[in-house]
Every structure is written in C-alpha cells, then in structure tokens.
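Peer 1: So the protein lines, in turn, are chains R and G. Going by full-length UniProt numbering, 16 is the number at position 16 of the first sequence; the sequence numbering is gapless. Going by full-length UniProt numbering, 62 is the number at position 62 of the second sequence; the sequence numbering is gapless.
Rather than coming from a laboratory, the hints here were simulated on the basis of the structure. Hints are not guaranteed to be accurate.
[What the hints assert, rightly or not] Chain R is nowhere near these chain G residues, computed Cβ spacing over 10 Å in every case:
1) Asn27
2) Thr60
3) Asp289
4) Ala327
[Stated by the list, open to error] Distance condition first, Cα-Cα at most 20 Å in a straight line; then the derived DMTMM-like pairs of lysine to aspartate or glutamate:
5) G:Lys107 x R:Asp173
6) G:Lys107 x R:Asp162
7) G:Lys292 x G:Glu260
8) G:Lys259 x G:Asp282
9) G:Lys273 x G:Glu315
10) G:Lys111 x R:Asp173
11) G:Lys326 x G:Asp298
12) R:Lys171 x G:Glu78
13) G:Lys273 x G:Glu260
14) R:Lys152 x G:Asp87
15) G:Lys108 x R:Asp173
16) R:Lys92 x G:Asp17
Beta carbons are placed, not taken as given, at the ideal position from N, Cα and C, and that holds for glycine.
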Amino acid sequence: MEKTSKSAKFYLALVFIVLYTPILYLIFYSFNSGGNMNNFESFTWEHYSAVFSDTRLIMILLNTVIVALLSALIATIVGVFGSIGIVFMRNKSLRRSILSLNNVLIVSPDVVIGASFLILFTAIGVKLGFASVLISHIAFSIPIVVLMVLPKLQDMNSTLIDAAADLGASKRDILTRVIIPFVKPGIFAGFFMALTYSLDDFAVTFFVTGNGFSTLSVEIYSMARTGITLTINALSGIIFIVTLVLVVGYYFVSQRGKNPVGMGVRK
Amino acid sequence: MSDNTIIRFENVTKSYDAETTVLKNINLELERGKFYTLLGPSGCGKTTILRLIAGFMQPTSGSIYFNGKLINNVPANERQVNTVFQDYALFPHLNVFENVAFGLRIKKLGKKVIEQKVIEALKFVNLVGYEKREIAEMSGGQRQRVAIARAIVNDPEIILLDEPLSALDLKLRSEMQYELRELQQRLGKTFIFVTHDQEEALAMSDEIFVLNEGEIEQSGTPMDIYDEPINRYVADFIGESNIVSGTMVADFRVKIGDKEFECVDQGLNPNEKVDIVIRPEDLEITAVDKGKMKVKVDTQLFRGVHYELSTYDDEGNEWLVHSTKKADVGASIGLDFDPEAIHVMRLNETEEEFDKRLESYGEDAYAN
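With the rest of the complex left out, here is chain R (with noise of 0.2 Å):
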C-alpha cells in the first residue's frame, strides 16, 4: 500500500477531531458533579443514576428497543422475501423499476416520509402511537433490508438451485437449505442497519408519535427544548456507547460473512 503523506494524515486527523470532539466533550461533561457545561467540578455518576432512576426515561428507553428490534424483525422478513422475489422476477423492466422504487424511499427525505405518513395516519384513523410509530419504522426499514440482502443474492450462482432441485429438494427446501443460509450475512447486515436506523430516528417518529408514547431521540429533542440538564449528556453517552458497540458487531457479523470467500483454495 502507498504509505500515506503527511498533509494527508493531518487532514484526516483534522476531520476525525472535528466530528467526535463534540460528542466525546458531551460524554466528559456528563460525569460533571458541577451542573453545568462551563467548569469541570468533579468525577460524578449522578447524572447517570438520575438516567436510570427515572422511571418514564427507561420506559422511553425500552419503547425505543422495542420498536427497534420489532421493526427490524419484521422489515428483515419482508425485505428478505422481497429481495429474492426481486432476484427471481423475469419480467426486466419490472425488476427495475421495483429497485428504483426502493432506492427513491432510502434517499427520500425523512421529513417526507414522517409528514406523508402523519397525512396518512390522520386519514384512515389509526391511532398515533406505539402502532404508528412501528408501522412507520418498518416501513423505511425495509428498503435498507433490500439494499444489504440483494447484493448477496446476486452473487449466488444459479446452478445452485438447479443443484438443490437435482438433489430432489422442494422449493421449501430450496429457500430454507440453500437460498436462506448462503443470503445469511445478507439478513444479518440488514437487520443491525434497520435496528440503527430505528434506534436513532428522529425525524418521521416526530412526526407520526403520539398520545404520550415517545422514543429516545423524541425526548431528548423535547428536553433539550425545556432546558440543559446534564442527564441528556448522560443519556446521550449511554446511545453513544450502545451504538459502537452495535457497529462493532456489525463488523464483526459482515467479515464472518466474507471470511470463506477471503480465504484462498488450499492445495
């Protein structure tokens, strides 16, 4: 590899302290005993046990992993049969125009999203809450789904399926014994991005949330408003946290994914 020049490295220095300095004063503030974000007084845990001590903070809390891990699951499913039936889809033109529909909804604004289904919602009376905010998330879940599980999809050789159909397999056993377990690292790739996405969603559960029901990133918007706390800078820490460590996991799920691909035939 061509050894990296030093402006170069000084410019991704430059970029990397400009993107995690806030955050990371954020995290240092929240272990403040002081109050505020002006001077450090002291090492303290208050703000984080005033986190957990706060009963409607943690049930916002579970809500939110509720409506995550839900609406992972299910954009997962759908988006795993929707991918195979994109794959398989003779029609050409329909195959297209299917996967630009897709793409469309994946660069679409949030705002959009979150407004068309508060019209939506509104307009055939369901009820705005946990249903509302769920029925949303699975919503532009399903489009990252399709995006992480297609890519594996195409890359399986079709011969395999006429070998598993040779082999006297069904078309059950041909999606459950061949087609599901070589897309694997496909699903799970797609699972831990819906589960992100949903986790940190502001802008469309703002929109379609409701009738006291609210998600993490909703009510720190609304603390924010009333007025800094240090329990926010807690609170945000602990995100912080949770979604390294889910990025780090993902690495973790995509290279076990790439690893019999990576390795080379032995002699």
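Chain R is fixed; fit chain G onto it per the hints.
Peer 2: Below, chain G alone, put in the same frame as chain R:
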C-alpha cells in the same frame, strides 16, 4: 425399443423463441449401465439435452421417456437423475460431509444411514478424512470428487456430467478420465457425459453422439466414429484428419487429383463426387519412388510421441502425417498407406444410409 432402454427421446425439439432452435428433432435411445458421451462444440445443444434429462427445462415439442414413462412434465426434484455440474455447484455454506449428505437429508433418512452412505460415497471418490473440510479449502480436483460423491450417494439411475473435467489441468484431467470410467463400471450406472473434448470422449465412452447445431450427426462406438466418420464435420471434429475431395471411379477404386488408389468402399455410383479421409497416423513415410503419393515437407513439429509433418502434394492438397520417423523440411518424400486407410464419405448421406452401406461391405472390410 428394448427392455434395457432407460432414456428415449422422440422427436424432441427445443427452441427459446421463433428464431433460436437449439435442438432439432432429436431421436435417441440410451441403454442402462452404459457410458454415453454427447460430443460437440459449444452451442451445439449437448448441454440442452442434459438439462432436458435432468428436468431443468422442458422440450418445446416431442417426448422424453424414462424407463418407458413419459417424463416431460416431471419436475427435476422428482427425477431419479443426478447431475455433476460444470462449476460443481457445491454449497459454499456447507462442509464436505453436508454437501454430500444434502440429498439424503432432503429424503429425511436416519442419521446413522446418512453417515454410512456419505462415508461410502466419499470412499468411492477417495475423499475419506475430508468430511469436515469447508468447500473453500478444497482444490479443484477435490471439489470435482465432492460433486461426484454428492451425485452418486443418492443412488440415481442416471448420472449426468456436464463438462466436469474442463476446469482441471491436463494431468488431473486424464487421471479423472480413468477414475470416472472405472467408477462407472463399478457402479454399473448409466453415465451421460457432455464434453467438447474429442479425446475425452474417445477414451471414456461406450457410445458417442456427435452433435452439430442441434442435430445428431453420428452415433456409435468410439472406434466406429473414429474409423468411419460419416461426413467432413465428424471427421474434422474427431481427431486430426486429412480431408480431400475425390471421385469414386468404380467399386474399390477412388481418384484423388489425377491418381487412382485402391480402397475398400463399394456400391457407390460411378464417378460420384466424394470426400476422402485419411488419418495422419495411417500415412507412412517412405522413399519417393516407393510411396503411393509424392509430397513435399512444408513444416515439421516434434509432438513428443511423434513428429507432425505438414506436407503438400503436387495439387496443393495438404497432408498431415504423424510419424515416429523424422524427415527433412523442404525434401520430397513418398507416402504409403493401406487401402483400408482410405475412408470414403458420400456427400449428404444420412446416418441410416451410411450404416446400411457399411453393413453391405461385410464384417471383414471394416473390422479392425
């Protein structure tokens, strides 16, 4: 149709759309326990025949019978046929044992039975001890064996092999030729082997079908096809040959250029135009005055087992000669050959007419 027939094609045609017909009215009959080869260049339809037997596609028209039963609409997973694919199509997410066990697991056999059968199949292909290996850890030749084991473990009546040796290097390929032939004889199953490699076909088969553009040009034992090719196409495709135009002067007399030679063919019309084949190894180098033909050596290549000489006669016909003797480039030499070496092919003769003509010569004329 005899009781021994396992596969029968009746007027089978396969076309993808109005313009592309890959198989044209194929009729063939395959017997149980034999090693068949479908031979032809790419695009001749040989793989299509295989896929029709495996059940991956259905004929556009015509009927396919398996053990006397029509199987046109029987799906692939219900046929007593297993395939060894060109790219092996092993499941990358399963190890060697599980790949071989795949078909047995589908059949929901007991754990003990599966283990015993898989080990037995691996023994057949000399892969005992590799059960736990991942497919990515196996070499090309080993993957090939896994694919064969995966096919034979299900005890199918027919094993289809779709150019399984084409991805292997030369040495391994000839080793596998021996092994496949031996395996077929030990198992006693019908093997249908698809290849574009004529040497492979000659070495392994009981019977060869030579295909060209969706039609069977000739079928027969390797010796029949090598010694008595029906036309220019087959002669050219099977082995190296000298093919020249000639005229049948009378029975047992054929004229090439302005020279007449003795041959063993008869029953053709006087002065009929024919194609003549002489195999390079049937031509022998002698002194100019002793030979039946006088040629000039153009080039000479050392091929290991023999020299390959490219020579030209006075009419400008090229004669390829395989000889263990060396000649001088640019020198004139004589070529000698037996009457049996001359093989006369009528233009546009069908396989039926061809077989009838050969039979009329009597056994002694073309027996080796």
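Peer 1: Does the no-contact call for Asp289 of chain G survive, Cβ to all of chain R over 10 Å?
Peer 2: holds (57 Å)
Peer 1: Checking one constraint from the list: CA of Lys92 of chain R to CA of Asp17 of chain G, max 20 Å. Satisfied?
Peer 2: holds (17 Å)
Peer 1: Run the distance test for Lys292 of chain G versus Glu260 of chain G: straight-line Cα separation, threshold 20 Å.
Peer 2: With Cα atoms ~10 Å apart, Lys292 of chain G and Glu260 of chain G stay inside 20 Å; holds.
Peer 1: Could you let me know if the closest chain R CB is still more than 10 Å away from the CB of Thr60 of chain G?
Peer 2: The claim holds: Thr60 of chain G sits with its nearest Cβ about 18 Å from chain R, beyond 10 Å.
Peer 1: Checking one constraint from the list: CA of Lys171 of chain R to CA of Glu78 of chain G, max 20 Å. Satisfied?
Peer 2: Measuring from Cα to Cα gives roughly 12 Å; hence the hint holds.
Peer 1: Would the hint linking Lys273 of chain G and Glu260 of chain G be met if the CA-CA limit is 20 Å?
Peer 2: holds (14 Å)
Peer 1: For the pair supplied as a hint, Lys108 of chain G and Asp173 of chain R, confirm whether the alpha-carbon distance does not exceed 20 Å.
Peer 2: holds (12 Å)
Peer 1: Quickly compare the C-alpha distance for Lys107 of chain G and Asp173 of chain R to 20 Å and report which way the hint goes.
Peer 2: holds (11 Å)
Peer 1: Are Lys107 of chain G and Asp162 of chain R close enough, with their CA atoms no more than 20 Å apart?
Peer 2: Answer holds: Lys107 of chain G to Asp162 of chain R is near 17 Å, not above 20 Å.
Peer 1: Sort out whether Asp173 of chain R lies within 20 Å of Lys111 of chain G, counting only the CA atoms.
Peer 2: Since the Cα atoms of Lys111 of chain G and Asp173 of chain R sit roughly 18 Å apart, the hinted pair holds (cutoff 20 Å).
Peer 1: Lys259 of chain G and Asp282 of chain G: Cα distance at most 20 Å?
Peer 2: Holds. Lys259 of chain G to Asp282 of chain G sits at ~18 Å (cutoff 20 Å).
Peer 1: Do the alpha carbons of Lys152 of chain R and Asp87 of chain G lie within 20 Å of each other, as the hint requires?
Peer 2: Measuring from Cα to Cα gives roughly 19 Å; hence the hint holds.
Hint compliance for this structure: no hint is broken.
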